[in-house]
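Residue numbers (the working numbering), protein chains in the order written: chain X, 11 to 1051; chain C, 2 to 489.
In case anyone wonders, no lab produced these hints; they're calculated from the structure. The model shown is predicted, which means the values in this text are computed figures rather than measured ones. One should not assume that every hint holds.
[Claimed, not checked] Straight-line alpha carbon distances no greater than 25 angstroms define the calculated DMTMM-like cross-link-like pairs of lysine to aspartate or glutamate that follow:
| id | chain 1 | residue 1 | chain 2 | residue 2 |
| --- | --- | --- | --- | --- |
| 1 | C | K455 | X | D277 |
| 2 | C | K455 | X | E293 |
| 3 | X | K90 | X | D119 |
| 4 | C | K455 | X | E296 |
| 5 | C | K452 | X | E552 |
| 6 | X | K548 | C | D356 |
| 7 | C | K455 | X | E280 |
| 8 | X | K548 | C | E31 |
| 9 | C | K455 | X | D298 |
| 10 | C | K452 | X | E577 |
| 11 | C | K452 | X | E280 |
| 12 | C | K264 | X | E296 |
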Amino acid sequence: MLLMLLGFSVNALAQSIVTGKVTDENNEPIASVTIAIVGTSQGTLTDFDGNYSIETTSPSDILRFSYLGYKSQDIVVGDKNVINVTLSQTAEGLDEVVVIGYGSRDRKDLIGAVSTVKAEGIEEQPITTFEQALSGQVSGVQLRQNGAPGSGPEVLIRGIGSTGGNNAPLYVVDGIPLGNVNSQRDNFILSSIDPGSIASISVLKDASAKAIYGSRASNGVIIITTKRGKIGKPTITFGTSLGYQDIPDFEQPDVLTAEQLRRFRIDSFEDRRASVGVLGPGEIAELDRLIALGDLGAGTNWFDEITRSAPMNEYNIGVNGGSEKVRYNVSANYTDQDGTLLNTSFKRYSVRANMDVDVTDNIRFGINLAPSQLQATGGRTDAGGDNFNIFEAVPLSRWTDPSAPLLGADGQLTNVAVGDVIPFYNVNPVYLLTAREDNRRTNQLLAGTYVEVDIIEGLTARTFGSVQYTDRRNTFFEPSDFPFNGALQPNVLGTRQARAGIGENASLNYTWQNTLTYTTTIGENHRIDALAGFNIEKNRFESTSITAVNLIDESITIPSFGNTDPENITNFTGGGNAGANSLVSLIGRVDYAYKNKYYVTGTIRRDGSSRFGADTRYGNFPSIAGAWRVSNEPFWDSLKNTVSEFKVEGGYGISGSNANIGNFQAQGQINAGPDYVFGGGLAPGSAVSALPNSSLTWEEAKEINFGVDVGLFNNKVFVGVDYYDIETEGFLAGLPLPSTSGFGSILTNLGSIENKGVEVELRINNVLGGDEFTWDANFNFTTNRSKVLELAAESGFIRTGAIARNFTETRVGEEVGLYRGFNVTGLFTQAEIDDPNVPKYPGAVEGSLKFEDGNGDGVLGDEEDFVIIGNPNPDLIYGMVHTFKYKNFDLRAVFAGAIGGQNFNGTNQFNGNQDGVFNVDTRQLQRWRPGDDPNARVIPGTASARSRQNFRLPNSLSVDDADYLWVRNITLGYSFKGDIVGNFFKNARVYTSVQNPFLFTNYDLGNPEVNRSADTALVRNVNYGAFPISRIVTLGFNVTF
Amino acid sequence: MKNIAVRLIILSTLLVAFSGCEDFLEENPETFRTPQNFFQTEAQINEAIAGIYNTNRGLNNGPHWRFGENRSDNTSFQFNPADRGGIDNEAIDLFTMLSANPNLADYWNTSFSGISRANFALENIDNVPFANEDLREIRRGEILFLRSWFYFNLVQLYGDVPYITSAGDSPEEILSEEFLDRVPVATVYENILADAQTAIDLLPTPGNTESGRATRGAALMLKAKMHMALQEFTQAQTLLEQMQTLGYSLQSNYADIFAPNNKNNSEMVFEIQYSFALGQASNFVSRFVPFNSGTDILGTSGPAGSRAGQNQPTQNMISLYDQDDARFAHNISFYNTGATIEPWMSKFNYGFADDGLQDVNFPMFRYADALLMLAECYQETGGGDPVALLLQVRSRSMPDPALSPAEIADLDQTIADERRRELLAENHRWFDLLRTGKAVEVMTAHGQEQKAEKPTIPSDAYTNIRTLLGLPFGQVQEFGFVQNPGWE
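Pulled out of the complex, with its shape left as it was, chain C reads as follows (with noise of 0.2 angstroms):
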């Protein structure tokens, strides 16, 4: 008995000792892919850019509307005495801004991580069978549609920034030159220039794809507005006049190019997609609304946070429309806290499908804009007649669209003034004030009169305009970026 006890346990060691220790140690993850074995199939690639997609609809459900619509003169934000917790949101709309605010941060970090997804998709793109090679690069021109505009913003934002093109797959890669040294404006215009433009080829043209997608249209606005920001105005006119001929048209009643009813309308270039009934809900009015608004305006959905009252129109905006624009009674409404009457953001407001939950899409792209650019170009290069196209946007909207002798004669200010009132909300403020070089000027006026009109403004909120913002403390602190000028 002995002796069988001894070799049964001796034999079952060797047994297992000899049976392959490698096949034991061999396990692998059940419930999610790995970097090993993703990027293999068509259907891959295609999730691997639904997620570039997806990061753009984070960044402009926040950070992008801080910076291109809360920090200009269109919009502030609306004091809450009882709750100071939103100091850094604040100090975006107040200029005192220090390089620490998270909000630095959260830009940055979010537009390069739409960056490096778009890398990792173009480098596999090549590496997968597609059962329709036109199908391929309609996906590379998307994935290069969407990284060129992320570069675009960072570019006008942040200045000099680091050019990335690869996929950082491992320490050693990223902590290279390519990811921690900033290239210059030029050179990454430059590139993305070249990528918009490859865009512009390979992409369809509105109604071939399906809705969501980026097109070629798209693709021409992305480019013509980076031409725009480099003072080409010739390039950018022959981009806007090819969009002409792409189908694109304005819808007849403002209130309707939002709605959800009436998603990827003919007048949407670009539309962030949203799907309360996929799960996939937006949820941006909620901080549009007052903050001392309870449950009225958001009904069971509320109450309002006591950090809403983001993007409230400042009286220079309001004051900006006529009475009777139709723009002016669906962009602004007004709530009656029974002290005061505090203007809101109503643009979005199109009602709750269930809690704090709508189904409304928002605009990155549309064809008023265009319009309105094409309006500039025009001014700018005396191409053509800036004064018909400013008409037929806003014959849409008021009742008599005529300009007066006033704005006749300071077209350039006209047109400015145009494009807040018809794009109030919808980011490009800050942009368009960086692009016509007036930012100091006309911040440095908001500054005053925003200090005229609340007691809450710190003394030392717009005394300095910075028109670049700071790279974010961690960052430069972590892997000595370069900072920016009076950011140190």
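In isolation and in its complexed conformation, chain X is listed as follows (with noise of 0.2 angstroms):
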């Protein structure tokens, strides 16, 4: 193909020369705009002062003047010898340059669905992590966020695609595949990355836009660009913030006083009483023991002693300029982020500095360097993953005895929140979010370099190099009268147990990207676009960890083997894991375009990875798709005025992911572990914990997208549509194996799972087109469903989530993660009760939980009664954003919504127990009682103990429809231009953002875009209580020199 390329040559026939000086609105010289003629591969550039000059060849050629985040121009020559022109930045729409995959396009000629969110308005929200940016901008994205500081948003493209834990994109920034980064808490990848260095965003959702990130790309690619260097001279830019976190009110839990709990236990015993006659010596004795406490009052609020308002501060400052041959942009950041939990906190420090230089006419090089350090202090505040995960600060603040107090007789925080109402109790909230050191400091450094050289005309070769090294050190200590992890009724004298560990992780990822691009045009109608490439990739890491427990002095609290008590070997223990993952990458991609009319781009990729066997290593993800501009041909001109742009497209194409297989899942594992004890000495042990499976291959994402972008009245207003349908074939999942094999599963290519949506975005630009008072919006809407097409498992389902009982289920034919339970259909009734034909279950009296007899055998039972009772997925995700001109005032306003998704109550476990061991929820004070009628009644009564337990195993009452709106944010700025500032500043602003304002809900559980770590593609949307989310109120100015 070279070859071919290489015996092209361009005959330009000089005929006249053009010069001109190219402004922006501000009558500011713009350097670097891209001068071309038309239907040629001639251009040029502006220079330092924005002058330009051209040698055209015809009176008709068109020069066109673009630059990135302006609006490009087209200009007839004439007989015109000097064209000056003003350009003016890109309100989003048909005009903007969007970057793609190892390029970029003018939107009007991309083909693909690409969405794209603009630097503006990104820096001056009050967010740590870019991610969090993308809330409400673009179609076919969902998020998830809670309120830890630094933390990311689960972010999630077209739907689950796959059943393993990992569905999230591929992140890129500037050339640097990071990977599908989907670590929620404490997301040290992308958070290192300062959101106000960041250019452009643009979501690749399609497969013949991603198509050509290939064994990565199936759940989307996510591409981020950072500011460089422009040409001009030195501007010195300074911003600062400052915010204010406080947490939303909805954000309490509806929890009972101290006095209530006591009431609902006294009630509790009497009820019983009422129902089965009499009661136990124990039960009378609590009984009296509770009545003799007296009136409790409210107690101790204890969600509201663990939380806090929060400062949070962010300064910037940057230099960006350049000569014509040598340009660049650095720029610094320090965050400063307190969480509205006590002790956790986020603090970045990052520098980004490139630099671009022409070494002559045909070679460039340039560099990128971005060292950061983050350090997040706080931890075990949200509910992780295991079956009864209450231990943690947000669930334990939800069921602690409000009668217990904050500080004990001595004045001084108590260790264990022992109150009078209930016998369970554990660490207090407070003392486990103080007491407790939890630190992670994390260094990171990206740093990539390029050279390129313009081989001929049209043909650039560019090579590319990058290193991301990242060094996490985690420390934690727990003092010795710290309560043990995980205890009901935990240590209290705590001897010797004073507890200290290291986690060290280092991990170097280089790549190496080499490609060949050729642009050239062909008469004046052909357009063709190539790109070749081979890219390598390695990612080593190298992990130590060591734990200390029963320190003899624990005013040294990291950990050392000199510090422990060496009669129990078990009290040092340490130890080291290291491995590699490599990808090597064959790359191509043709575009072609004829009359500006019809375009037409293939694709491939050709990837080899190392997790995969020998025999399945290498996978090719082809696309090919192609796009009309209708509004171009002849016929079209008398639309023209109304319906300005009018483009069909679609395409085919696939796309794969690897990142559900750890590195050597496909080799199997032997579990050095169980060991034992044979002649009074050691006996290492072994087994087989994982089997191998040397046929694991990638999952493969076919997709077929179709677009339809229109542009209205002059592009004023862009209306986009895709229609996509996402096959995931193969997707990696545990094949669940009959326990008699002594495995429970084995990771397999295991069935595939569809994805059908519509995604619609619609632009208007200035809506009333006034000048002074401007309004642009934006809004998008989504529809994703998702069905299970296939699944090896032999019984054609997959069940987990554990609250008790596996509360999942994923089906052939249905959708992915649905809840099961027990469908709740009343309480039983007296009359219910005596007829001998009402399936029962034993121990069922007036008033306990009645449900569907779910197989129809005349009993209730257990978890063979479960029937479906919820679906997690969302039918319709929405976004808005309108932003408002008067002036020198600017406002934006950012809504993110959904309807339809329903949220799993995880809190029922605990605050829906009604034995009265937990502090419980405000619902059970419309519980039924002897007298009521339980037909007007909900919530069970409390005598029966299966009742008992069958509400707090999975029922429908534990499932909530989570339609909301969020009004992410709101940010309004005022710009002073001219004089005011002319002689100090070239630019300043001030301005104030609310970062979630508000929220339109009828979900009265919290923040109902609930966000577990713990949750995984199978299991959504489970509110177990994780931290709050927070309003964000900063105040900020930016000030250029």
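If you follow the hints, you should be able to join the two separate chains into one complex; please do so.
This is how it looks when you write it as structure tokens:
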């Protein structure tokens, strides 16, 4: 192909010279604007002062002035010798330049579903990770976030394509692939990137756009481009914002006060007496004790005690500029965010520097350097993944006895929160957060360098090398009076239980990417862009961990062997780990455009991954797409005034995912650990803990995409509609195995899932058409429906998620991750209890929980009567961005919402426990009591032990609709213009921004975007008590010198 | 300069492209082994075998006492009105289990995990060089002993079970009849009797192998138990008599049998090994103390968990002992909560080496059990004198070991009672009830006693006494195993 391309040569016939100057709306010259003669490969750039000069061949030549972030302009040369141009900044629309994989395209020439988020607005939002800026901005993207400082949201593009744990998109920053990063807490890879340094974010959604990223692209690709140097005098920018975070009222858990809880317990005994006639002696003693306590008042509000309002500060400084030969951009960011839970915090120190150098006319090189340090504190805040994970601060605050005092008689914080009303107790939630040290420090360096050579006209070779080095150190310490983790009745005395640990993880990820690009125009009508490349990538990690318990001197909080009692060898333990994975890829792409009317693009990527067995190591990921810009046809001319742009497109492609397979998972694993004792000595033991599967291969997403782009009224209105149908084949997941094999499952290419959906983006520029007051509106809507097409599982379903029983089911023919449990049909009436034909369980009495006899056997049992009771997948997700400008004021509001999804109330396992051992939620105040009409109540009575157990098992009363509309952000700014600042600044601006100002929802258990760190593809939207979301108000200013 | 740069790029690209992507893509784990590079040396086979013993230890430290002892009339549990979260465990004792009860899956999964480990070891043992060929056969005997023991428990508890002798190396192999179809009890016995016999033939006599490993004596006793379960007392008798020639003897003092400073003594036929010093401490006492004993018993390792109080001796059990029986004093202690006196299982309470950690072994098979089994065989076959054996066991612990006329008159009952007294908390009672066919009768009576003694027993308890357990609900649903009658 190369030879073929080299065969072309371009003969330019000089006729006249056009010169001019390009400026922006403020009359500032713009350097490096591309001026091209449309239909040829000829072009030039503006210089430092915005001046250019170009040879044209005919008066009919059209000059196209384009510059990233500005509207392109086409001007016919005619008889003019001087053409001065003023470029205006792009309102989002068809004129923008869109960054795609290994290149960029004008929006109007782009084929495929690519959404973009511009820099404008990102840096003024009080967010610490850039993914948060996607909320409400683009179609097809679902986000779920909580309020942990520095944490990123869960990002899901076009549905769940895999039942494995990782459905995260591939993140690429300035050409450096960071992987399918899906850690939501301490998202240290992504949170090292200062959102303010970002120039644009592209979200690649359909196969023709993402297939170029091959085996890691099936969950979408998010490309981040950071700001680069521009020709011009140095501009220095300085910005700062001061913020204040507090927790909205709806995050406050509705649990009982001390007196309400005491009454609840007393009434429970009375109700039991009313139901069974007598109480046992122990119960009578307990009842008498509770009565004797007297009125306890409100007691301690544990949620209030563990939470706080917290400050958030950010400082940015940057220098940007360059000569025609050397351009540079350097920015530094310091972010300091305290969390709204005690002792939690996030700090970022980051620098990003880049330089582009034109060595000769034909050779360029550049370098990017982005070192950062992150520091985070505070742990054990959210419920994790265990069956009964109630010992972390947030769930703990929901069930700890409100009669327990915060401080002991000595005025000091108690280590254990023991109250008078309920028998269960655990670590004082405040003590949990404050006495326990949990520090995480991450140093990361992202570095890349490239050399580009223009070999002949239009043909450019580029080689790019990058390094991502991450060094992470986590330490924790628990003092000796810290109650043992997870024990219901913890070690109050706690002698010699002080614990300390260190985890060190280092990883080095390097890539080397080589590409050839060729752009040419044949005749007037044929444009070809071609790309060929070869990439290699290797990631190596090494980790060490040390844990010491029973510290002798607990003032030393770093574990050391000398500080532990050597008699018990398990007091000091440690280990190391290391591993690597590598990827080799060939890429190719050809774009062909005819007369700016017909477009075809084809891509191919061939990836080889070390993660797969030798037989299945390579995968091919092709795509093809075409578009017809109907509005450029002659017959459209009459319509042009109304429908200024009309493009239809379609594409098909295959992309893959290897995110759900560990580095060596295809090889199986021997677990060294089941040791034994022979002859009084150690007998090391081993066992096969995971079976090998040499035929493991890529998940493949086969995707069809159809789209229509419509521009109305001179592109004042833009409508983009995409329909997609993605079939993920051979997704990687555990194939359940009968436990008679000794194994629960084996990682297999298990089956296929289909995601179908429609995405609509609607943009209206300057809705009212005024000059002084402008309003840009931007809407997006997405519907997605998943369906499991095939499962290799013997049974045709996978059940997982544990709230005493598996409470989710993924079954062939159904949506992914449906909730299962008892379908509650009301409460038993006495007549039903007396009627032998009504199915019931032993011990049921009037007011007990009544549910559907799921298996129809005439008796109510346990899991065998479970049916499907809910669906976490929303029917519609939508977002809006409105931007208003009036004179020097601007106002921007971002909305994000969802309709049709449901959440599972995991807190019901403890806050709905009617045994009187936990604090309970206020629904219990409305429970059935003797004398009530069972048909008038929802929450069952407390007399029957089986009813109480059934109520806390998964059931339909724990499934809640979670429709919502968040007002995600409102930013109001004022830009100083003209003489006021002219003498001192180029630019100055003050703004105030509110994150999460309003929420509209019927969901009454807090943030409806519940986000539990342990959620997986199949176990989603479980509200178990997560880090509360915060409302953040900031005041900031930016100045440019 | 341009040309140099171009050449460099092209050259280096080609270099990498052709210098072997395969090597670049070859990554292997550095910190663990894989099934492909394991099972290749004698040491690795030994590791795999230690892994089977480890599973057996786990089985006995939980599932096996829940179903072998706690389910029987020997023990119950201390009702904690303040923590009803252990309701699934209580259902075992109360005979109110449904097939979704996680304990059913726990026993099943743990046992089959041990079987799987055994099958992997067996499949590979002949493929590696052994320095000493005799040792290879001894190791094979150990594997067969453990595997047939797992099956013996399963077949008694669940009835028909899949009988698997292949290591499931691949999903195709695992999703086959061998792993999914239950085979008749008789077929399982036929196979495991043969395996137990092979183990007898291969294993060395006690003292000729490391402590903790299976011996010929252990295999003889296992096979005898199988025969007795099949009511084949003559065959069992022969095996048990062989055991008497192997040098086993009773300890003179009952409390010494289980003492940490007297591990692997002459009475131990198969002892499950723990070692505090090696980081493999035991902890079962913590679960047997009264839940409300605070730190009184457990000391600094406490306080007792709210779901302790398991394996609590029943009144029926307590009254079976003479007050001056040394076993009574050792096995059962009483704790005064202030409101009540709670009996608890103190048999393995030898104090703590560190917080919550003990150094106590667990007696899976011991010689006193073998003597009482032999007494039962003699009683059934008339091939010997059961009374002498009873006296041999009783005389160690009772000031007056002689049998009363009533006891002589009903020796079946006397032997069964003696087994309860001697072997309390050693997880034999439920299997004894199955063997003697008395499970329903005894447990029905036990249920009536329990209901009379405790107001907390629900009305549906002990009303559906099934001698077979149900198969785990999830496994039945997912893989279509045929469920046992009454558990559908």
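Outcome of the hint check:
1. Straight-line distance between C-alpha atoms of K455(C) and D277(X) comes to about 24 angstroms, which keeps the hinted pair within the 25 angstroms bound.
2. As the CA atoms of K455(C) and E293(X) are separated by approximately 13 angstroms, the hinted pair is consistent with the 25 angstroms bound.
3. For the hint pairing K90(X) with D119(X), the CA-to-CA distance comes to about 28 angstroms; that exceeds 25 angstroms, so the pair is violated.
4. For a cut-off of 25 angstroms, the pair hint linking K455(C) to E296(X) stands: about 17 angstroms separates their Cα positions.
5. For a cut-off of 25 angstroms, the pair hint linking K452(C) to E552(X) is broken: about 60 angstroms separates their Cα positions.
6. Proximity of K548(X) to D356(C) is assessed by CA-CA distance (about 46 angstroms); at most 25 angstroms being required, the pair is judged violated.
7. In summary, the hint linking K455(C) to E280(X) is supported, as the alpha carbons are separated by about 20 angstroms, within the 25 angstroms threshold.
8. As the CA atoms of K548(X) and E31(C) are separated by approximately 16 angstroms, the hinted pair is consistent with the 25 angstroms bound.
9. For the hint pairing K455(C) with D298(X), the CA-to-CA distance comes to about 21 angstroms; that is within 25 angstroms, so the pair holds.
10. Of the pairs offered as hints, the one joining K452(C) and E577(X) is violated, with about 48 angstroms between alpha carbons and a cut-off of 25 angstroms exceeded.
11. Annotation: proposed proximity of K452(C) to E280(X) holds, straight-line Cα distance about 23 angstroms (limit 25 angstroms).
12. Restraint check for K264(C) and E296(X): the C-alpha separation of about 45 angstroms exceeds 25 angstroms, so the hint is violated.
Checked against the numbered hints listed earlier, the structure breaks hints 3, 5, 6, 10, 12; every other hint is satisfied.
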